[in-house]
Amino acid sequence: MGMPIAHGIAGGIGGIRTAGDLVARCEMTKMRLKDAKKYVANKLGIDVSCIADEFTMRKLREDLDICTITGVPNVARHLEAKSRIADILGIKIRSVDHLKLKMKV
Amino acid sequence: MEEYLTRLGDGKPIRQTKKQIYDDLNEGTKNMAEKAKVPELTSGDLEYIAEIIMAPTRIVSVKPGNEVVMTHDVGPLKIMADQSNSGVNVPCSREQAMSIYERIIASDSAELGHIDYSFKPVKPIVSQEQSVLQNVLQMTTLPIFYGAMPNLGLYYAPDGPFPEPIALIRNRKMEDAKAAMNGAAERFIEDILYMTTRLYAVGLDALNIDTTAAAGDPDFWAVLHGTEKLKKECPELCIEMGMSGEFILGFHGELKYNNVRLAGLWPHQQVKLAEKAGADIFGPVVNTKPGKSFAFNIARATTAVKECVKVSKIPIHVNMGMGVGGIPMFETPPIDAVTRANKTMIEVAGVDGV
Numbered sequence: 001m002g003m004p005i006a007h008g009i010a011g012g013i014g015g016i017r018t019a020g021d022l023v024a025r026c027e028m029t030k031m032r033l034k035d036a037k038k039y040v041a042n043k044l045g046i047d048v049s050c051i052a053d054e055f056t057m058r059k060l061r062e063d064l065d066i067c068t069i070t071g072v073p074n075v076a077r078h079l080e081a082k083s084r085i086a087d088i089l090g091i092k093i094r095s096v097d098h099l100k101l102k103m104k105v
Numbered sequence: 001m002e003e004y005l006t007r008l009g010d011g012k013p014i015r016q017t018k019k020q021i022y023d024d025l026n027e028g029t030k031n032m033a034e035k036a037k038v039p040e041l042t043s044g045d046l047e048y049i050a051e052i053i054m055a056p057t058r059i060v061s062v063k064p065g066n067e068v069v070m071t072h073d074v075g076p077l078k079i080m081a082d083q084s085n086s087g088v089n090v091p092c093s094r095e096q097a098m099s100i101y102e103r104i105i106a107s108d109s110a111e112l113g114h115i116d117y118s119f120k121p122v123k124p125i126v127s128q129e130q131s132v133l134q135n136v137l138q139m140t141t142l143p144i145f146y147g148a149m150p151n152l153g154l155y156y157a158p159d160g161p162f163p164e165p166i167a168l169i170r171n172r173k174m175e176d177a178k179a180a181m182n183g184a185a186e187r188f189i190e191d192i193l194y195m196t197t198r199l200y201a202v203g204l205d206a207l208n209i210d211t212t213a214a215a216g217d218p219d220f221w222a223v224l225h226g227t228e229k230l231k232k233e234c235p236e237l238c239i240e241m242g243m244s245g246e247f248i249l250g251f252h253g254e255l256k257y258n259n260v261r262l263a264g265l266w267p268h269q270q271v272k273l274a275e276k277a278g279a280d281i282f283g284p285v286v287n288t289k290p291g292k293s294f295a296f297n298i299a300r301a302t303t304a305v306k307e308c309v310k311v312s313k314i315p316i317h318v319n320m321g322m323g324v325g326g327i328p329m330f331e332t333p334p335i336d337a338v339t340r341a342n343k344t345m346i347e348v349a350g351v352d353g354v
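Protein chains in written order, with my numbering: chain A, 1 to 105; chain B, 1 to 354.
The hints are simulated quantities; they were obtained by calculation from the structure and are not laboratory data.
Incorrect hints may appear among the rest.
[Stated by the list, open to error] In silico DSS-like links for lysine-lysine, alpha-carbon gap of 30 Å or less: (1) B/K63 / A/K30; (2) B/K178 / B/K231; (3) B/K178 / A/K30; (4) A/K100 / B/K232; (5) B/K313 / B/K272; (6) B/K30 / B/K229; (7) A/K38 / B/K63; (8) B/K231 / B/K272.
[Claimed, not checked] Every beta carbon over 10 Å from chain A, so not counted as near; a handful from chain B, in silico: (9) Y22; (10) T42; (11) K78; (12) P124; (13) P163; (14) M174; (15) E175; (16) A179; (17) Y200; (18) C238; (19) G253; (20) K276.
[Stated by the list, open to error] Sample of chain A residues facing chain B (criterion: CB under 10 Å; computed from the structure): (21) G15; (22) K37; (23) K38; (24) G45; (25) D53; (26) K82; (27) V96; (28) D97.
Quick caveat, the model's predicted, so the values are computed rather than measured.
Glycine included, C-beta positions come from ideal geometry on N, C-alpha and C.
With the hints as constraints, model all of the structure from the sequences given.
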């Protein structure tokens, strides 16, 4: 595991510590990196330079209720958070749609 | 003359002068440029890579703002499995391993996979995979990939229903060998469709087709056609096509996709076919030469990947595990080499992810 950790520290965005999961979701729709970062920054109302900044993203994720890396009680996490991420980014997330299907929403 | 600590391609520490580093960088980029018929790295690129290699610190990192998305192969097995999957044998479930990726490693995505990491062996137990995936999707926030290998070799005797083609080729039964390869490819397409449509039905975000073309051009042909069919069956599924080697081995020799012969293609040519098939992310591979220096290997790998990034319309997530992408061929790659390769691929080749 030392190698993936070294990669993440050297060049990773930082997952749910920052906005890494959000940029990843945009790249998954064929967006190139720069476009994906700009798209996420625009949707979150932040500068692109803040995408991987823990100071900005920690508070913003809590305010937007889209899961924080530390276990903050009552902040949305997992499927709850993904349903909010789908709305905020304007993208489809399969597991959220699956839940809606089960709820007949 | 000052010497800098660097590595051989097998991970062994060596010391090189600035001139030796520059000589190896030049040799590495020329080697790949000649083989793949792509432009050499510029003198500015080589100077920047030399600075990265000669940096006095043990680890290096990208400049703020240059961070990229991380995707992974092998998934939870790196945490809970044994050495055969480069795992560290932490006793935990696959669901727990996914949480470790999300909340401890802070990865941008995570991948679920089975211990027998190929589509064929997982097919009979797909309901188990669906169940674990459902659990994972309900207890994670980050995007979840499912990873497995085409591994066309499993469709040949003694493991599979088709005769082993290399033995047939040795006996000059070329037509029989081609028939075996075609049969294996068709059977794989059935399997990947069977597996993936079921995982998609429970909410899978993305599929990682890992080590594509490990069994040569029929393997690549099968993955391209499988991807094309999957994008029709599962239109919202992201497909990452990760390669196994730097060029396509021509076991069959005559297979084509979109009128392009598959044997002998290099990463910048492979990606255009991946795009055509509908892949959303492409993972090029460049093999590390264990007897050559890190400087040679990273220059060689960056030369191929830079051109791949340039011609691609989809995100490029370069493979940077043991023995590929400039990383030493060693089970626990030294982090000085890992971080230097990482920074080079991001800031010189311009990849969208690792």
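- request: List, from low to high, the hint numbers that the structure doesn't satisfy.
  value: 3, 6, 11, 17, 18, 23, 24
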